[in-house]
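Student: Chain by chain, the residues:
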Amino acid sequence: MLNVLHLRLNKTFLIFLVFLVVIAIWKPIPLIYGLQRGGLYSLIGLPLALILGIVGILNLAHGDFLTLGLYIGYIFFTQLGLDPLISVFPLFIIMFLLAIGIYQISIKYVLKAGELNQLLLTFGISMVIIELIKIIWTTRPRNIYTPYASSSITISNFSIGIYEFLYPIMAIGVLILLQLFLKKTLLGQATRAVGQNPKGAEIVGIDTNKVYLIVFAIAFGIIGIAAGIMLPRTSIFPLSGNAYTLKSFALAAMAGLGNLNGILIGGITLGVVEAVVQSIPGYSGWSDLVFFGVLIIVILIRAYRGSES
Amino acid sequence: MKKILTPLIAIIAIGLLMFLPFYTGAYFLHVVMTILIYMTLSLSWDMMLRTGQLSFGVAGFFGVGAYVSIVSFANFGINPLFSIFLAGGFMAVIAWALGFVVLKLRGIYFAITTLALTTVFSVIIRNTPRLTGGASGKVIPNVIFQGDSSKIYWLILTLALSTILISEIFSRTRIHFAINSIRTDEIVAKSTGINIFKYLIIIFIITAAIQGVTGAVYSQQYGFVSPETTFSLDFLLLPMAMALVGGIYSTWGPVIGAIVLGFASEYLKLIMPYGHLIIYGIIIILIILFLPKGIFGSLKNKIQSSK
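Which chain is which? The protein sequence lines are A and B, in order.
Per our numbering, the very first residue in the first sequence carries number 1; after that it's consecutive.
Per our numbering, the very first residue in the second sequence carries number 1; after that it's consecutive.
To be clear, the hints were calculated from the coordinates, so they are not data collected in a lab.
A hint or two may mislead.
[Claimed, not checked] Pairs of lysine to aspartate or glutamate residues, derived as EDC-like cross-links and limited to a Cα-Cα distance of at most 16 Å, are as follows:
1) B:K151 / B:E168
2) A:K112 / A:E202
3) B:K293 / A:E115
4) B:K104 / B:E168
5) A:K183 / A:E115
6) B:K269 / A:E131
Keep in mind that this is a model prediction, so the values were computed, not measured.
Using the sequences and the hints, build the whole thing.
Tutor: Right, dumping it as structure tokens:
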């Protein structure tokens, strides 16, 4: 596994391990909460990082597509009685096809138009999705119940959900599959080439447009998977996914463009730090600051290092 | 001919706008006030953009300005009108301090950092309930000028006109060359001896102060602030949309964009109380796809090519 992920024992990974061990000794319960939450952040952050790293577009509608996935999963559950974990497969396909449609009618035309127009286009798409959801499903929050999702274990006064362990497991699984695709398949290698140098890739005969389309489709498919996985433990309302857009973006920026493994390390680190802050009585409200505080610090360190060299 | 015509049109327009409260109803006046508020934000965002820096901090500066004004009035009994200036000054100081750090960043990283700052501001405000009222927000007993809508309108109009004036000064004086050269090629600008950082920080301070004042005026107009509504991303994204629809890198683009999108959204709200934003979103998508230079930019191109 380590081989596929190319997680060599480099400095970042060592610091990450030391960090986890320190937290495990100091606050073992928040560590577990943090691992679960961080797994979810990573799973949701991966597709955004994939699009940003290869196509170079920041999709401001990222979280809203997640919300859309949640509602579709909700329909599968209530209308067809489909278990959320099984609905992951149709959700992947539906989101995959949706991505193709959206790419063909809009994204394709702003690829060369500059960052601003891309941001605004995806913002427009985000607005349309949120409003569409509000019209169809109203703003009433919805929940679904599956017996297995609420099972938990109790360790000295803390009860820990078992279902949530699925988040980091899925995040690692998706990451491995994604890396296998990028490294072992011809299409994946073309994708990496386009990510590194689009012009060069075009010269050697790679159809960049097709690569971008596939990246979009795969990323959206992963969003569909994430939606299906989180469905049993999430309250579904029009802004459910919204908070994840900025957090995913934060992860992508921290990891550096194109560094997919970094999303996993960053996501779990921030999830754990968040959980630790929340466990301190009286200061739980400040946990939102963790993501953005760390984000700003990391970006600044990068910028200063960049300007020195 | 053109030299006489332009100021003449400007004077007539300002005159018409000044006397607006005397010949329109309360509803229309309210619509115009909302549009002017967004226009100010849109213009200030565009001013920063002219240096090539995409700022996502508009909602943050707007929100902190709003809070400074309400808190200084409610907790320390400062005159509401003065509290608006105080908000502007406070934001200028904050921008000056932050500027030394964030203005080193470029492109997408500057954008994310400024967006994250908005969240940082709102978390700080949410977690200091004694000063700011925490998550439930703060209501003041009476709004500025005892709620006299004409006076509030003139206040907002003054703010909008001053912003237009500042923007015009930026695009007509020497600063304009510095700004443009930073945007087009920073390295060349540096090598010609332009002190890039000085200009960037001046513009960052001025636009942050404008956004702070706008937030202060807005909060005084409604007499209410809360983390959810005051730091709403609407105050970032709608001004951005207006500038892009109108045409960026100009004074008149954001102004036209604010008028067009402002009235369009108001009209849509009337005919379609639920889901009118969906059409608004579609308008933005269509304009980005088919009119990337915006209305003003495209018109200017047409006129120039027909000459």
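Student: Are the hints correct? Go through all of them and say.
Tutor: Results of checking the hints against the structure:
Distance hint between K151 of chain B and E168 of chain B is unfulfilled; the C-alpha atoms sit about 26 Å from each other, more than 16 Å. Of the supplied pair hints, the one linking K112 of chain A and E202 of chain A holds, its CA atoms being roughly 15 Å apart against a limit of 16 Å. Only pairs whose Cα atoms come within 16 Å are accepted, and K293 of chain B paired with E115 of chain A is accepted, the gap being roughly 14 Å. Of the pairs offered as hints, the one joining K104 of chain B and E168 of chain B is violated, with about 26 Å between alpha carbons and a cut-off of 16 Å exceeded.
A threshold of 16 Å between alpha carbons decides the hint, and for K183 of chain A with E115 of chain A the separation of about 28 Å lies outside it, so the pair is violated. With a C-alpha separation of about 13 Å, the suggested pair K269 of chain B and E131 of chain A falls inside the 16 Å cut-off, and the hint holds.
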